[in-house]
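Chain by chain, the residues:
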Amino acid sequence: MNFSTAAAVALFAGFFAWGSTPAGEAPSKDSVKKGAEKTPPKAAQTAAPSPTIKAAQAFEKVSKELYPKAKQEGNLIIYSVWDVEHLRVITDTFMKRYPGIKVTYWQGRNPEIVTRVLTEFQGGQSSVDVILSDNAPPVVRAAGAIANYETVQKDVLLLHDPTMATVSLQIQALTYNTKKLKPADLPKSWEDVANPKFKGMVALDDPMRAGPLSSMLAGLKEQWKDDNRFNKFVKGLKALGVPVHKSTSAMFRLMISGEYAICMPALLHDVMEEKGKGTPVDYIKTVPPVVFPRQAGIYIKAPNPNAAKLFAEWAISTQGQQAIDSVGRESSRKDFKSKTSIESAFPKGTKPIPVTDKLFLEDPKKWLDTNVKPIWEG
Amino acid sequence: MGSASIFLSSRSSASHWNSIKLALRQGTLVPLLASTVAGAAIVTPILIVLWRSFTTGKLGFTVGLNLNNYLRVFADRDILPMLGNSVVYAAGSAALGTGVGALLAWIVARTNTPGKALVELMPLYPILMPPIMKNIAWILLLAPRSGILNGMLQQFFGIETLVFNAFSMAGMVWVFGLACVPLGYLFLLPVFLSFDPSLEESAYIAGSRPVHTMLKITFPLAVPAFLSAFVLNFLRGLRSFETPVLQGTPGNIKVFVSRVYDSMALEFNTGLATAYSVILVVLSVITLYFYVRATRFSERYATITGKGYRVKVIDIGPWKYVTFLAVFLYFLAGIVLPFVVLIVVSMIPYFDYETFMSFPSNAVLNNYHTVLKHPSFVTGLYNSLVLSVTIAVVTVLAGIVMAFTIYRTRAVGTKIFEFIGTLPLAFPPLVLSVGLVIIFLGTPLYNSLWALGIGLFVAYFPYAFRNASGSIVNIHRELDEAAWVHGARWRHVFFKITLPILKPSVGGALFYIFVESIRNVDVAVLLTAPGKEYGPVTLFEYFRVGQWAEAAAGGVIYLIILIVAVSVAKFAFKMKFSL
Amino acid sequence: MSIIKVENLTKLFKDARALDDVSFEFEKGILSFLGPSGCGKTTLLRSIAGLEVPDAGTISIADEVQTSIADGVLVPPYSRKIGFVFQNYALWPHMTVFSNVAFGLKLRKAPAEEVKRKALSALELVGLQGREGRYPSQLSGGQQQRVALARSLALEPRLILLDEPLSNLDAKLREEMRVELKKLIKKVGISALYVTHDQEEAFTISDAVVVMDAGKVLQYGTPDEIYNHPSHPFVASFVGHSTLVDGKVVAVDSGVCRVVVPEFGGAMLISAAPKQAMPGNLCKVVVRNGEIRLSPDKFPEGTENVLEGVMTSREYRGGLTDHRVQIGSKEIVVTSHKLCPMIRVKGDGDTTFLSIDKSAISVIVEQ
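Protein chains in written order, with the working numbering: chain A, 14 to 391; chain B, 17 to 595; chain C, 154 to 520.
Just so you know, these hints were derived from the structure itself, not from any lab.
Because the structure is a prediction, the values reported are computed rather than measured.
Heads up, the beta-carbon is just placed ideally off N, CA and C, and yes, glycines get one too.
Don't take every hint at face value.
[Said to hold, decoys possible] Simulated restraints on C-beta separations: (1) B/Ala-349 with C/Lys-269: 52 to 58 angstroms; (2) C/Tyr-469 with B/Asp-331: 36 to 42 angstroms; (3) B/Val-327 with C/Tyr-469: 38 to 44 angstroms; (4) A/Arg-110 with B/Phe-375: 27 to 33 angstroms; (5) B/Val-329 with C/Tyr-469: 40 to 46 angstroms; (6) A/Ile-388 with B/Met-168: 40 to 46 angstroms; (7) B/Lys-519 with A/Asp-382: 54 to 60 angstroms.
Model the full structure from these sequences, guided by the hints.
Here it is as C-alpha cells:
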C-alpha cells in the first residue's frame, strides 16, 4: 500500500504545517491521486472543494456501497473501553441511521480487551468486529489481529492512521486548582511543571504505567528530538518528590479536593465538564495539548466486515462525530466545532503535540524501558 | 471417653485398604465424585493458566516451552520488599477484620448486650456497601491535606498536624480491614450460636471466670471457623488491587499484585502475569498448610453435640453497655460514616473541604438524574439477580459437599481438597479469567450465560467452601454415627443431618456470596457476552472514569435498595443465624 | 445360635494395641464390657457396630459374619440391624423427639401410619409418651437418654449396643435407671451389649461380663464367677472393693489352701484352693473389704483367719463406714454397714482384731 503510506506522510507533513497553511492547500496533491481510484468529484466546482465537503461526499458514497452489504450481515459487535452509557447513545444513533443492523457491545478495560481479543484470535474465533479504544488497537494490530482499513475521510482528520480509523482524540491539558495557584504562579509549559517551585504540589501520573503521562512523554520526545532536554525534563519530574498515581481519575479528584495544585496530566473533556459545573479548576491555554488517537480497529476475523467498515466511516462522519461529542468525547476532525475541540478550547495557532511513535503505541513497555526507565528509576 | 476418640488412623496397609472399602460400602462415593468434579472445574483453568506461564510470551505471539517468564520473576529485584508490603497489608487487614468480626459475633451471640434485635442487624449492613464506595469515602475522609477529618480537626480543634493519612499502610489496613469484618462475623456467628455450654460449664466449675473461659475454651474451639475466615481475608488481601492502587501508590507503598497487573496492562503477557501469580499461589499454599495443620484434630472442635442444650448467654454486667457501644461504633465506621460522606458527595457540585462543609446549602440532585437515566440500571439487574442467586446456592451446596468429603467420609487423602477448594482465590481475577476463557473458547458455551455461571462458580467457590469447612468440624461425629447405625446412607446423613445443622452458616454464606457476586465480576468480565449487560457493575464505571459524584449517587441508590431488600428478607423470612 | 461372636479381634492404634486378640462368644441376654478408661471396651463396641474397622479378626452377629478382615467382609453399620445408644445421647438437635425416634423407621420407607405407631410405642416403652413434640434441648439428661434408647428400640433390632449410657446421670438416677433399663431390655426380649466402667452397674444389669484391660480380655464369666473367683489380679482389684496382697502357697489339702502373707507380718490365711494350686506357688491374695469382722477384743480360739492390727482412720460414707487398719506393712480397708455387728470399736490408734471368712478370700496363682 505505497499510496497510503505516501498519503499518510503527506498528511503528517500537512498537519505540522496546519497552523500556517490554509486548509485547502495540503490535500490538493492527494485529490489528484485519489481521483485516479474513485469516480471524480462533481465537475461543477471551479475552486478545489474544501476537505469537509470532499469528505462528506466520499462518505456518502462509501455509505451507500457498504450499507446494503452490512444490512445483509445484520449484526455488529463492538468491544470498547468507553462507558456503556456513551456506547448506548452512539450505537443507538448508528442503528437509527442504518436500520437492520443490530449492534451489541462489550465493555472492558484495555488489558481486558486486549486479552480477550488476542485469546479469541489465537483460538481462531470470529467473535468481534470493531475494537473501539485508545491503547488497545495498536497492540492488537502489532499481534496481527487487525485488518487494515483506511478511511475515505482521512483529509479531515487531525491524526490519521492508514490502518485504523481515528474516531476520537484523547486531549491532555495542563490543569490546576484555581484556589491553590494564582495566575502569576502558573507553569508556562509542560516542561515548567518540573520547576522546583512546584515541589510537592503536583499530582503526577505514573510515567511507567503507559498512561497519559507516558503518552505525553512519547509525544514530547518525538517532537523535541533532543535527548538531553528530554532527560532533564524527566529528572525534573522525579525531583518534584511526589508519589505517583496509577489512577488518573483519582488524581483528578484529589487535585480538585485541594490535595494537589496541579494535575499532570488531566483530560480536556474532564476539565471542561467540571468547569461547566463551577468547580475551581482550569487549564493553561498557552500550553499546547497532547493528543492521542482513539481508534475503531477492525478485527481481522470480523464476522461482519462491511458493517464494521460502515461503522468506522460513520463514526468519522459529521453525524457520528456529533454523537461522540454529545457524550463528551473529543472529536477527531479538524473541522468539527465543539467545546472540546482544540480550535475552540485553545488560542488560534496552537500546535497540538500528537502521539504517533509506533514503537510506543505497539509496545509501550519496551519504549518506556528504553527511554524513561533509566532516568526515572536510575 | 478416652477410647472413643480413636479413629481410623492405623498404619497398617490392610487397615488402610479396609478404610477405603468401608468408605465405598458406606456409599460415600457420591460426595467424593462430586468433589472431584468441582475440583476439576476449579483446577482446569488454573492448570491452563500455569501451562501458559511456561509457553506464552506477549499475547498473540506464541513461543515454545520456556522458563523466560520465571527467570524474569526471579530476577526482579523489587519482589521481596513488595511481597513484604503485601503480606503486612493482607495480614494486618485480615487480623483486624476477622478479629473484630469474631468479637462482634461473640457479643451478639453470647452476651446479654441490650437491644438484641438491633445488635443482630447492625453488623450485617456494612456488608452491603460496595468496596469501591468504601475506598472513595475513606479517601475523602482521611486524605492528608484535603480530607474531611483532618479538616475538621483543624477547624474545630485547631490541630494543625495532619493526623490522618489515607495514603499510608495504616490507612490501607484500616479500609481493607473494615471490609474484612463481614467474613469474620458471618463465619463465627453460627459457631457461637450453637455452642454446647457444657464445654464451658466444666470450666466454670473448675473455677474459671467468664472472660477466662471465653479466652481458653470458647475462642479456641472456634478456631477452625476463625482461621477459615482469616485465610480467606488474607488471600483476598494478597490479591487486592483497588485499595493499594488508590491508597498505596500515592503513599509510595508498592504491593506485589501490581506486578501481575502491570504484566497484563503494560505488556499484555499472561504468561508473565501467571508466573508472578505463582508466587501468590505458593504463599496461599503455605497459608493453607498451616491451616490444615492447625485444625488437623478436627474432632476436637465438636461444639455441636448430640446432647440437647440451650446456648448459654453470659451476663457481663455493666460491660454490656460497652459492648453495645462497640457494635454501634462498628456500625458507624462500617457503613454510616461512609454512607453519609457519599450522600453529601453525591449532592455537592465538587468535592473539597469547604464545599463539603457547606452542605446542604449547596445541594443539587443532577447526579441522581444522570444515574437513573443510565441504560443498564434496570436491564442488567434482572440478569445479575438471577445469576447471583443461582451462583450463591450452587457454590454453597458444592462447598458443603466438598467439606463433607474431607471431614465426614473416611477416604484418605481428601485433605487435598482443602487446597483445591481455596486455590482460585490465590489468582488475581484477570489471570484466572484467561484460563476460563480458553476453556470455553470454541465451545458453544462461549459467550453464554453458562460460561459466566461457571466462571462465577470458580471465583466464589472458595468462600462457600471455607465457610463449610470451618463449620462442619463443629458437628460432633456422633451425630453422623447415630444416623449410620440407624440405617442412614451418606445421602441421608448429608441431607437430613449435616445440611440442616449447617443451616445457620449456610444462611450467612448464601447472603455474603449473593451480595458479593451481584456486584463483583472481575473474574467473569471476560466471559460476559456482548450485549448481555451484567447489572449494577456498570454503575461503578463512573468511579473508574473519575465521576465520583455520579458514582456516589449510584452507590447511594444501590445501597438503599439492598438495605430495604435485606431488611425485608430478614423480617419476612425470619432469616436466622442460629439453629 | 450366639447373638454375638468375636474371634481374634485386634486393632492397632499407632504403636499401642487398642484391642489385643479379643475373643468371646455370647448366646443371648445382656453382656457387659467392663474395665477402666482406655481398656478398649468402647473400641470393641464400636467395632461390633461397624463404626470402627479392626486390623484383624472376625465379628458375627446372630451367626452372620459382619466383619471378617481375612475374608474382606465389612458389613456397613446401617446394614447390621442393631441399635446403638451413645454416651452423650447424640440426639439431633434440630429434630423433635418424635423425629429423632422415627428417623430409622422413615428410612426403611415404612408407611406413615406404621412409623407413627412404632415410634410412639417406643416412646411409651421408655415412659416418654406425650413428649414427642419437644426438642432435645427442652428435656432433662435422663429424658434425653431415654429418647436415645427409644430411637434404637423403635427399629426392633436383634441386638442393642449401649456405650456408658448412664455415666452422665447423677448417682441416684443412675441406680434407678439401670434397674429400669434391665427390665426394659428383658421385656422387649432383645440382647444387649453394655459398656461401663462401673462394676456395680455391670453386675446389676448383666447376665455375663467381659472384664478388659489394655485391650485384652482378662476374664469372661457370670458376675458371680468374676466376683468370687477372679482369675486375674487386675480383675480382682477392679471388681468389688478389696485389698490385694502377695502371698505364697504353703499347703494344699482337700480343696483348701494355706497361704502365707509376708505383708501381713507373715500371717497365715486359709481359703478355697484354686485348681492349679501347689505348695510353693507364688500367688496374689484378694481380701474383700465387705466381709471382714472387726473387734476390739480378741476373737475366740479357732476362728478362721484372725489378724491383728492398728486402726488408722475411719471414713463415714453415709450408711457404710470404711475402717482402715494397718496390719504389718499393709493397710487393709474394712467396709462395714449398720447391720454388721462388730463396728463398735473404740477409736483410732487402738489395736483391732479382724476375722476374715474363708469365702471372702480369693487366691490367684501367678502364672
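Open item on the list: Taking the earlier hints as the rules, which of them does this structure contradict?
Closed with: The structure breaks only hint 4.
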